[in-house]
Structure formats: structure tokens, C-alpha cells
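Asker: Sequence:
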Amino acid sequence: MTRHSLADLLAIMARLRDPERGCPWDVKQDFSTIAPYTVEEAYEVADAIDRRDWHDLRDELGDLLLQVVFHAQMAQEQGLFDFDDVAHTISDKMLRRHPHVFGDVTYADLDEQKRAWDDIKARERAAKGDTQDSSVLAGVSRGQPEWQRALKLQQRAATVGFDWPDHRPVIEKLHEELAEVDAEFAAGADPARLEDEIGDVLFVAVNLARHARVDFVRALKHANAKFERRFRRMEQLASEAGKPLSASDLPAQEALWQRAKTEEPKL
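By the numbering used here, the letter at position 247 of the sequence shown is numbered 247, and the numbering carries on one by one without gaps.
Keep in mind that the hints were calculated from the coordinates and are not lab data. Among the clues, some could well be false.
[To be verified] Using C-beta positions, here's what the derived DEER-type ranges look like:
#1 S135 to Y43: 27 to 33 Å
#2 L6 to S135: 38 to 44 Å
#3 A11 to Q144: 28 to 34 Å
#4 V39 to M94: 19 to 25 Å
#5 C23 to L250: 48 to 54 Å
#6 P19 to Y43: 27 to 33 Å
#7 Y43 to K243: 32 to 38 Å
Computed from a prediction, not measured in an experiment: that's the story for all the values here. Note that beta-carbon positions come from the ideal geometry of N, C-alpha and C, so glycine has one too.
Whole structure, please, built from the sequences with the hints as guidance.
Answerer: What follows is the structure in C-alpha cells.
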């Protein structure tokens, strides 16, 4: 069996994008239309790791690599850059940001290394001429899931001491924000105000997970899986009783939910 190389993959993508001999779907794509697939493939990689499915991880990493190759090919066609430029840029960045590995710098601990990493990134922004933003929050990307951006904003603010000392005031703040949501409902549930207040609740929830040293995504993923598992069991129980779940009123559905919940082993 022939083992294909990275050069083969680059050639395959170039052929797929050939206006005359390529694939019509691939040819008509641009950066904007491919971007959602890039994000999706990154999540597929994370899911394979979470499931510890190493065979699937290999395939998903290939799908993610294809996204990089796709974007690089489109950029090359426009005379912007090519795949080698991408590889050079990231290699140069890793060498520059790890002077303790590729140079003679020594850090006392991981905290000092993290501060140095942030300093290096700040110098990189300055070298690009991006000196107008001197905020500690500078460089927190807007092109990432908002929950992740919330986490990074909180982590950056914490570097200058703007942080709760432990989880207890965060829980108090969460109760406060929930009360404000309740007040908005009582006042007439203005959509804009509700959006603002619920956003505050979600921001504090991310902060609570950070203080608990809990991965926000993993926690939500587990909650989603738990809900799906219990809901499917509800459907099964209703079917065994001879009627679809939709034929049961809410109290009956709640009873099925509680039964599905009690069937699960305790953690």
C-alpha cells in the first residue's frame, strides 16, 4: 500500500482547486465558506481525544490538516502565502517563544514561564506595530468561542490581581446575577435586557469553573451527555408503557425523568 506524503496532500488539494480539472465544490469555496468546517474539524479532534478513540483521532487530525492545506492553497492562488510560509511562521514562532528550550534562558517555575510567554507575545505585537493597545487584555482573540474568550479575559485580568480570592464570592455573584435575570422577567422580559443579564450569568459560570479548576467545555459536554442519556431513557420507558413520550403531560414526563435519573449509578 502506497503511503502518501504531505507533498502528495498538497498536490491533491491543488488538483481539487484546479478551475478546469478540479472538483466544482472545492473550486467555488473561499476562506469564509471553509472557516466553519475548520472550526468543526477542531472540535472533532477534541471529541476523539475525549473518547480516547486513537484510530478516529488519526482520521480527525487528517481532516484538520486538510483544512490548513485548503486555506494555504487558496492563499497561494491569491499570491498571499503558501503552505511553506505557514510552516516557517509557526516554526519560527515556537523557536522564539521557547528560549528555555532552544536557547539559554532559565525560568524558576511555570508561573515565570507564563509571564515570559505573555511578554514575548507583547513584543511580537509591538514588532507588528500594534502598540496602540497597551491593555493587559490586548491580544485576546475575538475569533474563538465566546466561552473561551471569557476564560482568557478572566485569566488576563487575574494576572494584575483583578480576581476573586476563591470560589465563594463567585457563587455569591452567580446568585446575584440570577436574581437580576429573575427581576427582568418580573419587569416584562425585555429581550435586550434579558440577553445582557443572561450573558452576565454565563460569564460568571465560566469564572466559577475556572476557580474550581474545572474545564468548562468538558463539564458542559458531560451535562449534555447526561441529559441525552436520561431523555432517551424517558422515551424508552414511555414506549414500554405503550405510548410515545409526547402523549404524556409534563408531570408524567417529570416522573419518567426522575425514574431515569434514579436508575443511573451514583458517581
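Asker: Would you mind marking each hint as holding or not holding in the structure?
Answerer: The hints, checked one at a time:
Roughly 30 Å separates the CB atoms of S135 and Y43, a value that falls within the hinted 27 to 33 Å. At roughly 39 Å, the beta carbons of L6 and S135 sit within the given window of 38 to 44 Å. Against the hinted window of 28 to 34 Å, the Cβ-Cβ separation of A11 and Q144 comes to about 32 Å, which satisfies the hint. Between V39 and M94 the beta carbon distance is about 23 Å. The supplied range of 19 to 25 Å therefore holds.
For the pair C23 and L250, the beta carbons lie near 50 Å from each other, so the given range of 48 to 54 Å is met. Separation of P19 from Y43 is about 31 Å and conforms to the stated range, judged on CB atoms against 27 to 33 Å. Distance hint check for Y43 and K243: the Cβ-Cβ separation is about 37 Å, which falls inside the suggested range of 32 to 38 Å.
Every hint, counting from the list given before, is met by this structure.
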